[in-house]
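> Below, each chain spelled out in residue letters.
Number of protein chains: 4
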Amino acid sequence: MARTPKKIRSEMGWSNAASITVRGLDLCSGILGKFNLGDFAFLEITGCKPSASQSLVFNAMLGTLVEHGMTPMVIAARLTYLGAPESLQGAVASGILGMGTTFAGTAEGSARLLQEAIKPDTDPAELPTIAEAIVARHVANRVSIPGIGHPVHKPIDPRTRALFKLAEANGLSGRYVALMKLVASEAERVLNKPGQLPVNATGAIGALSSELDIPWRLCRGLAVIGRTIGIVGHLAEELRNPIGHEIWKRAEEESSEHHRT
Amino acid sequence: MARTPKKIRSEMGWSNAASITVRGLDLCSGILGKFNLGDFAFLEITGCKPSASQSLVFNAMLGTLVEHGMTPMVIAARLTYLGAPESLQGAVASGILGMGTTFAGTAEGSARLLQEAIKPDTDPAELPTIAEAIVARHVANRVSIPGIGHPVHKPIDPRTRALFKLAEANGLSGRYVALMKLVASEAERVLNKPGQLPVNATGAIGALSSELDIPWRLCRGLAVIGRTIGIVGHLAEELRNPIGHEIWKRAEEESSEHHRT
Amino acid sequence: MARTPKKIRSEMGWSNAASITVRGLDLCSGILGKFNLGDFAFLEITGCKPSASQSLVFNAMLGTLVEHGMTPMVIAARLTYLGAPESLQGAVASGILGMGTTFAGTAEGSARLLQEAIKPDTDPAELPTIAEAIVARHVANRVSIPGIGHPVHKPIDPRTRALFKLAEANGLSGRYVALMKLVASEAERVLNKPGQLPVNATGAIGALSSELDIPWRLCRGLAVIGRTIGIVGHLAEELRNPIGHEIWKRAEEESSEHHRT
Amino acid sequence: MARTPKKIRSEMGWSNAASITVRGLDLCSGILGKFNLGDFAFLEITGCKPSASQSLVFNAMLGTLVEHGMTPMVIAARLTYLGAPESLQGAVASGILGMGTTFAGTAEGSARLLQEAIKPDTDPAELPTIAEAIVARHVANRVSIPGIGHPVHKPIDPRTRALFKLAEANGLSGRYVALMKLVASEAERVLNKPGQLPVNATGAIGALSSELDIPWRLCRGLAVIGRTIGIVGHLAEELRNPIGHEIWKRAEEESSEHHRT
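Chains as they are written, first to last, in our numbering: chain B, 1 to 261; chain L, 262 to 522; chain Z, 523 to 783; chain A, 784 to 1044.
In short, the hints are calculated from the structure, not lab data. Please read all numbers here as calculations on a predicted model, not as lab measurements. Be careful, since some hints might not be right.
Below are the DSS-like pairs computed for lysine-lysine, each with C-alpha atoms no more than 25 angstroms apart in a straight line [as the list claims (entries may be wrong)]:
1) Lys937(A) with Lys268(L)
2) Lys556(Z) with Lys832(A)
3) Lys528(Z) with Lys268(L)
4) Lys7(B) with Lys832(A)
5) Lys902(A) with Lys937(A)
6) Lys454(L) with Lys415(L)
7) Lys687(Z) with Lys676(Z)
8) Lys948(A) with Lys571(Z)
9) Lys976(A) with Lys556(Z)
10) Lys832(A) with Lys948(A)
11) Lys295(L) with Lys310(L)
12) Lys528(Z) with Lys249(B)
13) Lys119(B) with Lys154(B)
14) Lys817(A) with Lys832(A)
Footprint (simulated), chain A over chain Z, 3 or more residues, beta carbon under 8 angstroms [to be verified]:
15) 525-537
16) 548-559
17) 588-600
18) 736-744
19) 755-761
Where is the CB? At the ideal position from N, CA and C, for every residue including glycine.
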């Protein structure tokens, strides 16, 4: 049985000798010098130019996960750079591969939770009941609720406070943000952990992505964009102040010293 | 002989329960909502907040390579997403791994060429002689000059025109840009290829990175940041309109059809 | 509250000027020339030298997924090689990143299914009842059962037949293999799909890994080892007969031709 | 000007419902249970079944780089696994991305050196003169000679001794091995570093790949195959004895402690 071929068609971009077109706009006259980088990312992902409010909030969302110090991801990137300094793209790739379930997965998970719970006609008055059901379901299944809790940032994650404040000031704090907050406070109540389960940065990103109609399957991509910038920043520091070699040698020596004595 | 341990120290970022500090600024009160994404990248890489002029030019530089249609990189990312949709970070990594010598390497190469040729005390009057020497050396060694020529965008690469115009309007067009242009015109003259060897987009990025004091070893990282955004954009389209599967099946069928008949 | 540091210690390998020790064996006198590559992988993963039977079966398991023609993974690797031929490691990495839930994930999933179902004291007579419960649970949850069914290889996956025959001839076909077969036949019966849900290659690998006491979390690694070899094979062909460029240009042209007319 | 399409054709493998064919052999009846994993890699790369001698030497070559203790590559893989344990393929990819110029690049470089120096009609008597010219050229250009020297393994790299002995016993020690040895001794003489510049493991692999007619551009792939196995081995240990977390926390604490006091 023969396969029916399907037409390959893309609306992302195309070019000829004199121009490059991106999502219907001329790159050189319509985007460069006019869109900042976060706005360009919004155009790529949604197909639309962001409003001033959307621009402010979306740039802040992407910026939230850029830098968090000496994470496993940036250490992996520094170690890879040590072996392949001629292939910086490989060091960056090595770093973003650590953006899995532990970190970026929770942005995806919280967005999914919210997008599956709220329908176009969901009345805001129903949100407390929805939050109760979400918490009850996770507690019954003994699984953690994505987007709440942080080992360090408590009782409040300062990134969430900043993002939610910005969203509210820009008219982008709607039902998804409200539900995310309700889930966190309900979880603290049910699990008797006051001040222990704030909405964390990935929960805030999940909620705001939902406000912007970004599908949950893409939320991890927002985290990856931000962290790519942070990894390049760490590689810039590694050039000035190499520490990958030191981390390697210490681990190598300690891990085998019981064989040497 | 024992190794002398070295202190591990980073200035990129650190955090405590209530705050995250990035390059000396408070992330939540000083960056989110105040820095657009390109400005944040500038801070990460250089340690400084960009001026208004630097912000405009740097955001445009990073935006230049975001989108160029159905490149090998975005096809690789779409094919990887097909096999591992739960790991979007892997699909992005798969795509950026194609940012090697063919593409991003020329941004690095042109920046290196310029940064090695111009010293702090180089007089602009010397630039034509320097350009002649650069072209002569590459011609003698039979190697191509990074940053000039493009299979499609000629006699002018429209991205270069846009970037150089923006740089000039913002007071960021100095000796490096001048030298890059001289190298291109000298190469067209010596090789007798008028209109065939314009400064291309990676040459423009290499020149402007040099104007901004960004070391050539990092230029590939700028390309990677931009293209990461483009790859996430293509994955967003792949979710709405999957084409990876079709590309795969066609290649699979055609590549083995001589065995089936 | 200070963290309690933990000792870093590894038993994998260590070296001095005159020797390299791997899992307690001298690499140069005890492994090279004596262990074939699959046996070495067995040593790395389990810490033991395989018996002759284990060697035969384990080499076959690793070989099963090496080559399956023009898969999405090898196309991604070829496209990445196009952009970064100087970094073959990046092309290989790009390819293996597609070994996610769709492919390798099912080896992991079937091994998990079996390892969670069979306890040390499970009587073989209980296996049919266990298989019924597994199928009933998956059907009730409307999720597919890992390790059974294949779009092309039916009513029997020839790789499974070969692997299970080899395992039986070598005394390695025990309760896990038996349960995997029972799950497949029970699923065909319950879902009324005779000849449609054979144990597939990843199901066979999941079952045989379990027979060899390899934890299910590592099964995906076995698939990755095999496919890495296949990807290098395809890159060897790409050097002799480049096709990545053609796949790219066709996709690029077709995807944007509606903009050109 | 329209592009002339090219036929896409591959000889690697293809399949139908009942069989998988690999390089002309039936996978299930002709390879599984008959080829060990190294032999299968030889078939993939060269298209031929190895002779008994080739099998012994090639399996040893691939085994040489499997394990070298706590290298930067395996630490990167362990750190990536920490963030994305559900995507083991990403952790492996993260590790092999460090196989760049520092490590695997020298296998490639030494093979290239030898393959460019020896022509089909090169008389073995000419080899000392060729070695002198190679060393003189590298010394004049102030670049290091790939394949010789090692920070730890000197005056002899034990892996080289084992590989060359095996090759000689199997009739695979020809002009390439002879030239590699001559280059090392000439370099020690010219640079006055007796016992400091032995042929190292990657030099031995480069020489033996050349004896087996494997193009130098693929040698890095042999290193990647071996190291992939080693990385999976380390991830198996990480499951039993996690150390990635400890390496991370120590680096994080130390790198920012100057900010806390």
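> Determine for every hint whether it applies to the structure shown.
Hint by hint, here is what the structure shows:
1. Lys937(A) with Lys268(L): 29 angstroms, violated
2. Lys556(Z) with Lys832(A): 19 angstroms, holds
3. Lys528(Z) with Lys268(L): The given pair, whose Cα atoms are some 20 angstroms apart, holds under the 25 angstroms limit.
4. Lys7(B) with Lys832(A): 41 angstroms, violated
5. Lys902(A) with Lys937(A): 31 angstroms, violated
6. Lys454(L) with Lys415(L): Holds. Lys454(L) to Lys415(L) sits at ~11 angstroms (cutoff 25 angstroms).
7. Lys687(Z) with Lys676(Z): Roughly 17 angstroms between the alpha carbons, so the hint for Lys687(Z) and Lys676(Z) holds.
8. Lys948(A) with Lys571(Z): Holds, because 23 angstroms separates the two Cα atoms, which is no more than 25 angstroms.
9. Lys976(A) with Lys556(Z): Answer violated: Lys976(A) to Lys556(Z) is near 34 angstroms, above 25 angstroms.
10. Lys832(A) with Lys948(A): 23 angstroms, holds
11. Lys295(L) with Lys310(L): Distance of about 11 angstroms is within 25 angstroms: holds.
12. Lys528(Z) with Lys249(B): 17 angstroms, holds
13. Lys119(B) with Lys154(B): 31 angstroms, violated
14. Lys817(A) with Lys832(A): Distance of about 11 angstroms is within 25 angstroms: holds.
15. 525-537: Check passed, 11 qualifying residues.
16. 548-559: Three-residue rule met by the region 548-559 of chain Z, so holds; n is 9.
17. 588-600: n = 6 at 8 angstroms, threshold three: holds.
18. 736-744: With 6 residues in contact (Cβ-Cβ under 8 angstroms with chain A), the coverage given for the region 736-744 of chain Z holds.
19. 755-761: holds (count 6)
In this structure, the hints that do not hold are numbers 1, 4, 5, 9 and 13, in rising order.
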